[in-house]
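Participant: Join these two chains into a complex; the hints should help.
Listed below, chain by chain, are the residues.
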Amino acid sequence: MAERERRLAAPPSGGEFQARTRVMTSDDVSRAVRRMAHEILERNHGADDLMIVGLQTGGVDLSRRLADDIREIEGSEVPVGSLDATMHRDDFGLRPVMPEAATEIPGDPSGKVIVLVDDVLYTGRTVRAALDAIHSYGRPQAIQLAVMVDRGHRELPIRPDFVGKNLPTRRDELVDVHDAGVDLGDVS
Amino acid sequence: MSAMRHLLSMADLDRDDIEQLLNLTESFTEVSARQIPKVPALRGKTIAWLFYEDSTRTRLSFETAAKRLSADSMNFSVSSSSVNKGESLRDTVETISAMGVDGIVVRHSGAGAPHRITQWTDACVVNAGDGWHQHPTQSLLDLYTATRHLGDLDGRRIAIVGDIKHSRVARSNAIGFAKMGAEVTFVAPQTLLPPSLEGWPVKVTHDLDEVIEDIDICYLLRMQLERQEQSVVPTLREFHEEYGLTAARASRLKDDALIMHPGPMNRGVEIAGEVADRPNAVITEQVTNGIAVRMAVLYLLLGSGLDLVDERADVA
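Residue numbers (the numbering used here), protein chains in the order written: chain A, 33 to 220; chain B, 27 to 342.
Treat the hints with caution; some may be incorrect.
Reference excerpt, derived from the structure (chain B facing chain A, CB under 7 Å, subset only) [to be verified]:
1. Ile62
2. Val65
3. Ala67
4. Ser330
5. Gly331
With beta-carbon atoms standing in for the labels, derived distance ranges [to be verified]:
6. A:Glu74 with B:Met100: 50 to 58 Å
7. A:Glu48 with B:Leu86: 25 to 33 Å
8. A:Gly184 with B:Met125: 57 to 65 Å
9. B:Arg174 with A:Gly125: 26 to 34 Å
10. A:Gly184 with B:Asp117: 50 to 58 Å
11. B:Gly177 with A:Arg67: 58 to 66 Å
12. A:Asn76 with B:Asp281: 44 to 52 Å
13. B:Met125 with A:Gly125: 18 to 26 Å
Rather than coming from a laboratory, the hints here were simulated on the basis of the structure.
Glycine is no exception: its CB is placed at the ideal position from the N, C-alpha and C atoms.
Only chain B is shown next, with the shape it has when bound in the complex (with noise of 0.2 Å):
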């Protein structure tokens, strides 16, 4: 077991860190399904979170996965904060590690930004999203659930669909993904993809009907509906018809492929309505997932200590 200081990006995790983290995530699937789905492992740890950018799901699962855990929140918000009055960010990360924190959960619209905290602060930094980049915990929940359901993910076949160069999500899920023996397949419109893949462990099409048939997880990536103005896409009608999940390529899925998303949803654009509500759409439980696998993260961090074997390895 190796240990982790951050969690800053997929990139840096191997396949066994990745599964010692989808095992200690079965734990806390455990604690949460108690009557009292709380344990005191992170009694005393105070984390900070810093988002400066809007977030629902990612800030209330990490909320949740922290007080489950008994670890103290210090809140921080971008709109009421010294920020409006010109703090830069590196002050603000010392003015909070200074309050004596252990853990920095940060979202932040410039790639790169956690890694930068890391240099400033002797806290545990977590990317709860970074730009364009990175979203380390929702790849790891989206992991866990497709194992959950799937077993192995070697030899699995994933499409990715959608707004690929706008996602982090998309770029941290096929790190992850591959890293786990799947095959990852981009699928998107020349004006959704990154300018040049190169290095990546994916492959690539354009069109969706040609993999519908053949795919185990049809994970489709939100249309940022603010970035329509850039017209990326003719219309969103037409990105439906041709990227889109719509009924009748639902139909053509193998039966027991799984369909994801990361939330939150625009329906009737990259999924019909109604496929979203269908069984093996298991949208809601990557969003119940989110929280054990969070708070894995959390307590791998902060709490197991596994840091202390590796100083004494060291020693020895």
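Just chain A, with the same shape it has in the complex (with noise of 0.2 Å):
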């Protein structure tokens, strides 16, 4: 999502992404990641029947984090996969939709509780998105959402179960996650 957005700023339709305040530490991100990983197991009694799948694509590298401390805490692998909901989108002609990347859905989503995760949680018509998406590959027992920064502003109802930081916003500024930690800013 704030990979999304960012590109969006980008020229000829926007200006440069300016980080203005550190919201998060990368230390900050691995404790957050580190807690959601215990309250999905503690909301799902465990590891079993769970799948994560990353959105394309700000949410494939947390996925990935929170599988690993998923390991490390209950000892068992979880399957990972990324989903890119881009043909699902509402607005196509309103603006250029292209695919991202890869979608991988790691086997049949049938029976399994998904944990769909993603960096950012803005108007929540990319959860919207992904959410029909997932249903062309089977039908999920549960859906759940994990997110890092929740940055409130929804358009649909929809709201995250698992969240690392709730920041409020206002609609022109940005919020991006980066490897370093997440950035506050505007676009100029």
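Facilitator: Quick look at the structure:
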């Protein structure tokens, strides 16, 4: 999401992203991932039937880290996949929409508990598209949502199950999740 | 990324355009592998099929592609339409346009017909074969199939063998493969070559045995049996011996060389029956890939909204 926001804001349609405040350091992010891994295990009474799916492109790295932590905590291997929901978006004709990267769903999601992972939750439209996309692979038992940053401004009735940080923002601000942490900034 | 309005000829695409389409095809190959191979990307778009020439696989392939993208289609069959009452191509196109279509996929016996159609409609036009001229989606699916097996095509050698003269596939692929860096050789008797190949990025030989051991792709064209009465070759048996991919010749190919054919095949004419079933014959895979390629083309023209970028760039 942050990636997409940044690209959208790129020329010719916008300007350049400038970070203003570091809201989470990389250590903060690691701790949040650790806590979310615990929460996911607590909510689902273990790692059985879990499948973690990162949304392209921002959620993919995070989904692997969550799976790594779950392995360390619980000692069991959770299948990890990635999902590009571009083809299910609702903004065709409003802006250019091109697929971003590969989708790889590790096995049949039917009967599994899918944890969708993204870096930033904003309007909720990407998640809506992802919910649609997942269903063309099978019928999961349940779908849960984990995000590193919930920045508000939802346009759909969607809420996250696991949150790294709740971050109040203005609409014209941008949130960037990267290796060194999380930045809040503007487009100039 | 550039915005295409129509897909008429491989000559209109540059290497970047082709690569973009092949990347996009990769995404749609994944969609086609899903339990429910359908995405809502072209919901609300209408595509008209304007097939003035017979076609089974191309038409089915396009229709399947459109369905997997959730587009609506307007069927038009020449035999049961006003064309039989003498309606001109232009009137037919304008009538269909007036009903509100977003895309027209056309096959016509006249070379250049798709280009003319673009002047009569606001819809995106896709050429599904015009006369002996072009068949760009066939070339794209061939390029996609070839790159999947061979990777980068730079410096690869492809021989296009058989009835070059009457083949839009040969013309499209000569341009397509050359643009992707491959070395293209036409192999045919003089009677099956166009009168002039000046300016074409190809070599020509009349001897298949001369090149068979060096090539990475042996691309066989359908011998158009209906032209046999024009006696372009003495007999089909002789053609098979001289220019067909016999079992003996197929065994002299490099180990990883691909055998390709746009279909429908005449087993025993351009290709020996047994050869078509060898593991390095990727003929059915070409058909499968055709759907994903056509999804990519329809999506790029009708759904991607890349033209929005250009509009914005124009303003800036």
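Participant: Compare the structure with the hints numbered earlier in the document and write down the numbers of the violated ones, lowest to highest.
Facilitator: 7, 8 and 11
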